Amino acid sequence: MAASPAIQIAPKLLAPAESQVDFGARPPGTRSEPPVANARLALLLFMATETMLFAGLMGIFVVFRVGSRAWPPVGQPYLPIAVTWINTAILMASGWTMWRAAAANRRSAGAHIGTDLSATFALGSLFLAVQGFEWVRLIHHGLTLSSSVYGGTFYILIGLHALHVIGAVGWLAVVMRGVSRGRYAPASSQAVGLCGMYWGYVCALWLVLFWLAYLM
Amino acid sequence: MSETAAVGAHAHGAHAEHHELGFIRTYVFSTDHKMIGRQFLFMGLFMMILGGLLALLVRWQLAWPESEVPFTQWIPEPHMYAGHMDAAAYNSFFTMHATIMIFFVVMPILVGAFGNFLIPLMIGTRDMAFPLLNMLSFWIALFSGFIMLAGFCIPGETHAASGWTAYSPLAAVPAFTGVNAGQNLWCISLIVLGISSLMGSINYITTIINMRAPGMGFFRLPLTIWALFIVAILLLLALPVLTGALAMLLFDRMAGTSFFQPAGGGEPLLWQHLFWFFGHPEVYILILPAMGIASDILSVFSRKPIFGYRAMAFSMIGIAFLSWIVWGHHMFQSGMNPALGTTFMISTMVIAVPSAIKTFNWLGTLWGGNIIFSVPMLNALAFVSMFVIGGLSGIYMASTPVDIFIHDTYFIVAHIHYVVFGGSVFGIFAAVYFWFPKMFGRMMNETLGKIHFWPTFLAFNGTFFPMHILGIGGHMRRIYNPLQYDFLKPMQPINVFITVSALCLGVAQIPFVINFFWSLFAGKKATINPWNANTLEWDAPSPPPHGNFGEIPTVYRGPYEYSSPLVPEDFLPQSRKLAPEVSARASH
Ligand code: HEM
Ligand SMILES: [Cu+2]
Chain A
1 MAASPAIQIA PKLLAPAESQ VDFGARPPGT RSEPPVANAR LALLLFMATE
51 TMLFAGLMGI FVVFRVGSRA WPPVGQPYLP IAVTWINTAI LMASGWTMWR
101 AAAANRRSAG AHIGTDLSAT FALGSLFLAV QGFEWVRLIH HGLTLSSSVY
151 GGTFYILIGL HALHVIGAVG WLAVVMRGVS RGRYAPASSQ AVGLCGMYWG
201 YVCALWLVLF WLAYLM
Chain B
217 MSETAAVGAH AHGAHAEHHE LGFIRTYVFS TDHKMIGRQF LFMGLFMMIL
267 GGLLALLVRW QLAWPESEVP FTQWIPEPHM YAGHMDAAAY NSFFTMHATI
317 MIFFVVMPIL VGAFGNFLIP LMIGTRDMAF PLLNMLSFWI ALFSGFIMLA
367 GFCIPGETHA ASGWTAYSPL AAVPAFTGVN AGQNLWCISL IVLGISSLMG
417 SINYITTIIN MRAPGMGFFR LPLTIWALFI VAILLLLALP VLTGALAMLL
467 FDRMAGTSFF QPAGGGEPLL WQHLFWFFGH PEVYILILPA MGIASDILSV
517 FSRKPIFGYR AMAFSMIGIA FLSWIVWGHH MFQSGMNPAL GTTFMISTMV
567 IAVPSAIKTF NWLGTLWGGN IIFSVPMLNA LAFVSMFVIG GLSGIYMAST
617 PVDIFIHDTY FIVAHIHYVV FGGSVFGIFA AVYFWFPKMF GRMMNETLGK
667 IHFWPTFLAF NGTFFPMHIL GIGGHMRRIY NPLQYDFLKP MQPINVFITV
717 SALCLGVAQI PFVINFFWSL FAGKKATINP WNANTLEWDA PSPPPHGNFG
767 EIPTVYRGPY EYSSPLVPED FLPQSRKLAP EVSARASH
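First to last, the sequence lines map onto chains A and B. The numbering used here numbers the first residue of the first sequence as 1 and each following residue consecutively. The numbering used here numbers the first residue of the second sequence as 217 and each following residue consecutively.
In case anyone wonders, no lab produced these hints; they're calculated from the structure. Hints may contain errors.
Claimed, not checked - Some chain B residues judged to face chain A by a derived CB distance under 10 Å, without partners named:
# : residue
1 : Pro430
2 : Phe435
3 : Leu458
4 : Gly472
5 : Phe493
6 : Gly607
7 : Ile611
8 : Lys666
The structure presented is a predicted model; accordingly, all values stated were derived computationally and were not measured. The C-beta atom is built at its ideal place from N, Cα and C for all residues, glycine as well.
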């Protein structure tokens, strides 16, 4: 390809000099680690997706809630607020024990975090059990998925959150097994830290849902 | 392999077993981003044939309603009745045409195939951040394709038939379309595809943020990578909304809920809001990668830096951001509050600004360039010009008073196709011709490429331009027999003309298929950098081996330094280090 003399490129449009390093670049010749590790970034992105998923469903809920004359509709039961307050406290306690475990893990790799993790696991399972118990009673009182949009949105929102807690409990079980076998020591922070992050997300999500579905 | 190259290669984790990988691990369950990219490409091209044939069926019916369609006697009932279709079959055909083209052709090829193939190569790394997840994302996408195709095989029933937008209550109540299992499979398939895209997006974003070669800053990324990065973010945030809505639609259909059915206290408009909250960003998911690809190709074959690089990147960000807040322009006729309609109208028109910036920058890139009319370049030029027409007709539709007149007419169909065929598909062709040497190590034939391009370009315009006229004449879309309406009868010759052009368009793809497969096995062997391009993928051998680069390249400059006065050659690769004096001269 013959170089064409047809164009003259103004000097200021020229390539930046090689010493200038562009925004976000690792300088040539270095092997510095990126500020956020791959797995952590991936989990953050996953949580962003989940947030959009729940935002859509919450949007549906709000449309029905605001648009209906009576909430709950005539003949449909009220949600059990007192029990759920207690259950919320249980979940928040699990968030606290998880936070303790993650903090200890951050301070020193291989720290003894077994009790905190077990407590988290137990509290998370308790939360699920109480909710399952609540659902059985609600169904007896005539609140089902197809009884009304009130029932439908309730089970979809709260049920989807419950699925997330089940997932988080399962993940925690895997992490606990790894910890008990000393698999992550000395660099234990990643596995425990990520699981803790997700646990925190699920707890925070619950607060929003609790307010929206039960209190609003 | 030199000593350093060998060391570099072994730093790569999965490298040791590279030579022992058997057929299955190399070609089927591969975790190599390049193989996954090729797999996506084959899947998309296969589906393109299917989607194209469905379009031709639809067109035949519109030109010669109730006549027998040639070569279709073998299609069983209720899809066809001895070569004839009825209204239900017609509904199902155009629904599946659109679904397949959007979700199983353009997305798998532009995002799946070229995203996978190009991202690690163009940013200078050995593979995606999560290769295993990447492999899963392909297999899940393929699985979702099987679920979609399974919908054609349900005895006694056509496939989904509520349009690709699946408006409720049409889509929610089986009795309305006469389709039950087909529509369920349609929903399930798209939910599964959403999971696959989620995995892909997480991979793309993580890879681009964390794994760029030393010196590769954000403003040294090729615009293709910028586009794919933005698209991955759009997918990550838009698809879950659709997934949630689809799940609720499935509940409506299968579990007795009535979220979207007024009969049970539901809200059909809710579906439209959720669908288009995803659907509008989706159309940019289809077009942005093509924009990036065209930018790269225009620069290479004009032998000039892309005009206004940063403006190009920022206008893509602007388009992506705006695409979130304009979904209501699909719902002007739904009875929404007029003030809201005006808001959506204005925000939609604002998208014209970044789009115009891009268009003028493409023209600026061509201006005074040393243009080489290779086949990739011809397709990229077709992309730009057809995108302009599609964008202009979009402005009419964005305007509420005009939209009331042209809503749901063939004007919309014309617009869709100028954007998705004139835009995305010409982008696909440009990309295939341009990167074929890197993907398969062989060149495609230029003459056959031109025999493919020119008839495609002409027949494309012959097919879709007259649709504007039909639309303004009031020809509704999604009707099965135009001759049922007296006022449409005078326009029937236009329908015939369109269908003949569409058949030509179909025939014009034969040289492409021949060229593709012939070049795959017998094309001229490609050199490392056959187009004298600057970006990093041209530093790797053609085709690149497992691990891509012997040694990870270092990046010294942006991707578009063509005809730089610093060097005698008319190109200056991103990874080439200049002597210190030359480099110092550049900084003044
Ligand atoms: C040979 C090329 C093609 C032809 C002849 C063709 C023809 C058609 C026809 C006749 C319709 C039905 C219009 C109606 O009845 O409303 C249609 C709809 C559509 N097509 Fe195509 N098409 C082609 C390529 C494509 C491509 C490449 C894409 C996307 C990537 C695409 C996307 C769509 C969409 C989104 C619809 C709307 C369907 C609906 O109304 O639900 N088409 N096309
Ligand atoms: Cu739109």
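Results for each hint:
1. Pro430: With a closest approach of 5 Å, the proline 430(B) hint holds.
2. Phe435: At 5 Å from the nearest chain A Cβ, phenylalanine 435(B) passes the 10 Å test, so the hint holds.
3. Leu458: holds, 8 Å
4. Gly472: holds, 4 Å
5. Phe493: holds, 7 Å
6. Gly607: Check failed: Cβ of glycine 607(B) comes no nearer than 27 Å to chain A, outside 10 Å.
7. Ile611: violated, 29 Å
8. Lys666: Violated, because the Cβ-Cβ distance from lysine 666(B) to chain A comes to roughly 19 Å (cut-off 10 Å).
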